[in-house]
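Listed below, chain by chain, are the residues.
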Amino acid sequence: MADTRLMNVAAALREATDLCMARDPRVFVMGEGVADPKAIFGTTAGLLERYGRDRVMEMPIAENGFTGVAIGAALLGRRPLIIHQRVDFALLALEQLVNNAAKTRYVSNGRHRVPLVVRMIVGRGWGQGPAHSQSLDALFAMIPGLKLVLPTTAREAKGQLIAAIEDDDPVMMIEHRWVHYATGHVPEGYYTVPLDGPRRVREGGDVTIVATSYMLLEALRAADTLAQAGVQADVIDMAVPRPFRPQLVVDSVRRTGRLLCIDTGFRLFGIGAELVASVAEQALGSLAKPPVRLGLPDHPTPSTRALLTDFYPTALSIIDAAAELADVPVERIAGPREALAVELSKLPMDVPHPTFRGPF
Amino acid sequence: MADTRLMNVAAALREATDLCMARDPRVFVMGEGVADPKAIFGTTAGLLERYGRDRVMEMPIAENGFTGVAIGAALLGRRPLIIHQRVDFALLALEQLVNNAAKTRYVSNGRHRVPLVVRMIVGRGWGQGPAHSQSLDALFAMIPGLKLVLPTTAREAKGQLIAAIEDDDPVMMIEHRWVHYATGHVPEGYYTVPLDGPRRVREGGDVTIVATSYMLLEALRAADTLAQAGVQADVIDMAVPRPFRPQLVVDSVRRTGRLLCIDTGFRLFGIGAELVASVAEQALGSLAKPPVRLGLPDHPTPSTRALLTDFYPTALSIIDAAAELADVPVERIAGPREALAVELSKLPMDVPHPTFRGPF
Amino acid sequence: MTRTTTSGGAATVGDNSPLGLYRSMLRIRLIEEAIAERYAEQEMRCPVHLSIGQEAVAVGVCAELRRTDKVVSTHRCHAHYLAKGGDLKAMMAEIYGKAAGCCGGRGGSMHLFDDDVGMLLSLPIVASCMPIAVGAALALRQEGTDGVAATFFGDGSIEEGVFHESMNFAALHRLPVLFVLENNLYSCYTGLADRQPDRPLADLAKAHAMAAETADGNDLEAVRAATARAVARGRAGEGPTLLVFDTYRWREHCGPNYDNDIGYRTEAEFQGWKAGCPVERTAAALRAAGLLDEALEAALRRELGAEVAEAFDFARNAPFPAADSVKDHVYG
Amino acid sequence: MTRTTTSGGAATVGDNSPLGLYRSMLRIRLIEEAIAERYAEQEMRCPVHLSIGQEAVAVGVCAELRRTDKVVSTHRCHAHYLAKGGDLKAMMAEIYGKAAGCCGGRGGSMHLFDDDVGMLLSLPIVASCMPIAVGAALALRQEGTDGVAATFFGDGSIEEGVFHESMNFAALHRLPVLFVLENNLYSCYTGLADRQPDRPLADLAKAHAMAAETADGNDLEAVRAATARAVARGRAGEGPTLLVFDTYRWREHCGPNYDNDIGYRTEAEFQGWKAGCPVERTAAALRAAGLLDEALEAALRRELGAEVAEAFDFARNAPFPAADSVKDHVYG
Ligand SMILES: Cc1ncc(C[n+]2csc(CCOP(=O)(O)OP(=O)(O)O)c2C)c(N)n1
Ligand SMILES: Cc1ncc(C[n+]2csc(CCOP(=O)(O)OP(=O)(O)O)c2C)c(N)n1
Ligand SMILES: [Mg+2]
Ligand SMILES: [Mg+2]
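Protein chains in written order, with the numbering used here: chain A, 12 to 371; chain B, 12 to 371; chain C, 3 to 334; chain D, 3 to 334.
So here's chain A without its partners, still in its complex pose (with noise of 0.2 Å):
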């Protein structure tokens, strides 16, 4: 692969919105943060030295307001991309997403379009609490006449937000901090991953797994351990929740008989539950087990590390359940899955990587 380079999430991020500013004068930046020496992350780095303060806007401190300006700058044709720091701070603009921006198309009959992506960050970790580590998913999967895609690899992130900047249609990106870390292969140059739906990112005829984010990267770990024990996982990546193209799921589970999913919000009212729903009303005659749902249990997220144990699926969890559908001795599985175990129990559980100090 010679014309790629390492590199993690957030720098191919900021690599898209690059390559997409300089190629199209109507995108803007418009963000908490997004010219400030944080840059969001890094992922807006560079961008205010490179195109001005007229196409990195600084925000106040007002989401419903921005987003409706932002809404209807595209109304007019431009292409303004949104970014939060946190998913948490876009339920104040629940209302113009999900009026306007949703709605506009449809209710215009076709005649206008709201090219707008909005950029969310889950928060994870280092004790930030119940109210900026929200993960909501499925509140935004709800809504027909946005998209809904969530990343996971640098490669594919760096082309999603491409994609997602040139659609027509309002597209919210929902990124997990933790993944930001993820590092992969990235070419150079401009390219797309088109927004149509999961991905299959590992074959197998054992077990179907569907995961997206970053749970998606707990679920690739947990695949190669099964697979150590000799169970195959076709694992899936519901990299774009809506609109809904459950096809891909149905289809494994035809072959596998087992389904697994992983939310990274929460496991009620879920993308999984959708997912689980879909499958029985197409395929329940292939389902050889009752499909088994994990994410984050039922309550808010404790800031203290002490009650987050067991609060998010890992690839542990994901190797107990695939193992139990897959019926695969508890034996078979217990040598490579305790390596794992010793393994991650090397970084605290509430950091994302081990350069990281706090806070975020």
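Take the hints with a grain of salt, since some may be wrong.
Here are the simulated DSS-like cross-link-like pairs (lysine-lysine), alpha carbons at most 30 Å apart as the crow flies [stated by the list, open to error]: (1) K329/D <-> K91/D; (2) K208/D <-> K208/C; (3) K329/C <-> K357/B; (4) K300/A <-> K357/B; (5) K91/C <-> K208/C; (6) K329/C <-> K300/B; (7) K276/D <-> K357/A; (8) K276/C <-> K49/B; (9) K208/D <-> K91/D; (10) K49/B <-> K357/B; (11) K329/D <-> K300/A; (12) K329/C <-> K91/C; (13) K49/A <-> K276/D; (14) K300/A <-> K49/A.
Hints were generated in silico from the structure; no laboratory data involved.
Got chain A; can you put chains B, C and D with the ligands on it based on the hints?
Just chains B, C and D with the ligands now, kept in the frame of chain A:
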């Protein structure tokens, strides 16, 4: 039933509020229009005269602000009841609801409580269009710390609202505007209907139908017709989707093997998704046929009635889905179905009641 | 943003002669009255928020705008749509729920859009329009034009926080926005005193170092003059203006009827405002200037009446959208 | 609302003598510096927004409040919690994530609650605190007391629409609310001029016919005097006040370090504000009045140092909450 009167749900809600205000001086009502001559479709009629402006507080148009005000007052032990004429307006108040109302008891380790009730009304009909007819049940069902209740009958609506006002936790009550017209026997005096999950409203062994709110009324009509064809539906009112307690539904499917869920809101990512997923997890082997969900299609609500012919599930579409699930031959259901169709066609599809002359 | 062009030439929205503007006001009045009259037929099956009594603001403001300037309105948008040059037949077809409606019947009366004439959006959620207009102004500037964006809203809308968020943004960036506050004293059936502390509404602008103009909203020339100053500031890059116009809604908040009997306002108050009818005041001024006489008035009413009747005929006879088009245009 | 009682007597929060208030400021400073110093140990695993440099506002405002009055704060709440009389050990245990924390470790440093002393809530979402305080004031009035509610917030928070919604509500109902604006010139790393048009911040109150007071936020006595007038208005039923206090945050927005090097503000600006250190200014005034000398200062620091050390020891050694308690208290 000597001590009951026939009244509609709107009147029952009014009576519940009146009783609570008379009994507990801490209860007060806030909302846009609560003290105006229209009195929120009559549901606050007479309260201003009886309790005065300090307890029937007209609000500025500032949903996020006055929701916070209500939460602040509730934290000090007052018992505010907020009323929104449309669910849609509550989108502006989600930050306060999702962060402060829902989480404060948890975050304070049980020291604080937020005894707040928020009534929200789902619009339908008479061309109200995309931003005045949203039914966002699943959005509220998703948030731990909130309770969610969807009333249907007058007797229960009264008892549920009293229970909600008595409750020490924040309770969201989503009322379908067309349910307001539903009439039934309502006991005199103060009583509660517990907010503890689904309840069976009709017993049968052939197919489980789960619905709420206005769709429950359609489902009950459908069940009558199905019974004429010899199909006995087990009809369950998912009256309290949060806290989510699917056990009654799971048990029912264990008997019937057939599950039909009808959402008042969107079919995708709706309450039905979680129900089907829960049943698939807990009673997969009992499912004789793939479960079926009905609900709103995947686009906003157009205003013109010409585009609404297939938008809302009806008793007829419920009959069709249930009959197919229960393997009833078309011939057997055709007669009663046709009779109902004729009956239903007497009222225009965009009004809730023969007396209704528009606009809402 | 290197150059500033005068977008779309300096073409005004319509005929800005005294008679032309009177005609525009009278036309709105006649259309609204026709809606009120025919509403009971139960064929306009959507909410209607009539503008009768408030015509001078719509016409006076839009007289100072160009076709290419943008307007964003609210639930009470009929007059703004018409004053900005929106197509009458498309409006009536929209209210009748027909395919030929300006939104294909999908929006109803609270969603009157006609972007060909700069009527960008109307939005039924209170105050939702305001930041949209600010964004339109931002885009106009980004495009390098001297266009302005105006947003109309009522005295209830200023209670929403997003009003201030929008003003702060527009003031900070000196954007060419006209915040047009139509103060008709009521939000639905609740008077100002029950919703806001007592102070001049123009003081709202002080919070954001914004220019403000207050004028009699039933005086066409006063509205025009205040608007002209605001537009000039906007085009010159001097920033936004809050325009406060007092006026009065004659009919009920939503629907065709009078409702002075239901108890939230007095018949006397209504009669006072009716006596100052903006349409009649404009006519009187024209008569005083010798520009209007009975014959001309009659001719005008005949001509407009015919246009209105034709629009209703068109809308009533137009086909509904095809049922199977309902899923179109969710995404592109 | 038939009678008005003076709730909980007139007891002030703490010792309001000149030395008592200096002690309170110095205590906050020492606690915050200890947090900054020990943060690198990686045992306080939550964000911290230090109040160093802003002590006079917290102490000056709370000096005028009663224990039973309510305070609602933001992410930067340490000083407010302490000035209102919040329990220090419970605060440190909260930051260390321990069961003895004021929220049992569930909230972390941005959720310092101690309702026993009227520290009702602190909320990490910007401006979310404001309507809560208005609601608390409403409840206090409904209870028939003359209690007041104060909400602290920064210069960034006033950009949120809910600030205006809260002010409108409080002004309309003449509620006893103190809107305490701590203007430290920055919202994270963005200066005021990049976020708001230029005007005196007190003009924000004009939009809502609200009283306003502006004072040097690093001058304890000026803060007290302005607050005293606002509290008097509140208790007398004369409505809310916007209090504007200019001050300066010394350390980085979030975390223990200095950050004048990263480019959003100058070292010179920082040094200027540091020279006007509110703690030192208060000490100087005491010295000038003969109320403080080196020996007393040393004794005070020793005493406070011991208290701080003890609180840290307590927090570090306290047990974590039991893992199985995690599901408790979602519902009652
Ligand atoms: C966010 C929101 N809250 C409430 C409503 C219901 N509503 C529709 S119009 C209206 C009153 C608006 O008053 P004003 O802004 O003065 O406009 P007017 O009707 O007087 O022209 C209200 C409360 C709404 N549409 N949106
Ligand atoms: C609604 C919302 N938007 C953004 C943030 C992120 N945020 C946390 S503190 C802060 C700056 C607040 O500035 P200011 O109000 O001046 O308080 P200061 O930190 O200066 O004390 C921001 C933007 C947030 N917590 N909530
Ligand atoms: Mg009004
Ligand atoms: Mg600040």
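Hint check:
1. For the suggested pair K329/D and K91/D, the alpha carbons sit about 25 Å apart, so the restraint of at most 30 Å is met.
2. Of the supplied pair hints, the one linking K208/D and K208/C holds, its CA atoms being roughly 7 Å apart against a limit of 30 Å.
3. A hinted pair counts as satisfied when its Cα atoms are at most 30 Å apart, and K329/C with K357/B qualifies at roughly 27 Å.
4. A hinted pair counts as satisfied when its Cα atoms are at most 30 Å apart, and K300/A with K357/B does not qualify at roughly 48 Å.
5. Taking the CA atoms of K91/C and K208/C, the gap is near 42 Å; set against the 30 Å cutoff, the hint is violated.
6. This hinted pair checks out: K329/C and K300/B have alpha carbons roughly 29 Å apart, not beyond 30 Å.
7. For the hint pairing K276/D with K357/A, the CA-to-CA distance comes to about 42 Å; that exceeds 30 Å, so the pair is violated.
8. Under the criterion of a C-alpha separation no larger than 30 Å, the hint pairing K276/C with K49/B is consistent with the structure, at around 24 Å.
9. At most 30 Å may separate the alpha-carbon atoms for a hinted pair to count; K208/D and K91/D exceed this at roughly 42 Å.
10. Of the supplied pair hints, the one linking K49/B and K357/B holds, its CA atoms being roughly 28 Å apart against a limit of 30 Å.
11. Taking the CA atoms of K329/D and K300/A, the gap is about 29 Å. The hint holds against a cut of 30 Å.
12. A hinted pair counts as satisfied when its Cα atoms are at most 30 Å apart, and K329/C with K91/C qualifies at roughly 25 Å.
13. Taken as a hint, the K49/A and K276/D pair is honoured in the structure, with Cα atoms around 24 Å apart against an allowance of 30 Å.
14. As the CA atoms of K300/A and K49/A are separated by approximately 48 Å, the hinted pair breaks the 30 Å bound.
In the structure shown, a violation is registered for the earlier hints numbered 4, 5, 7, 9 and 14, in ascending order.
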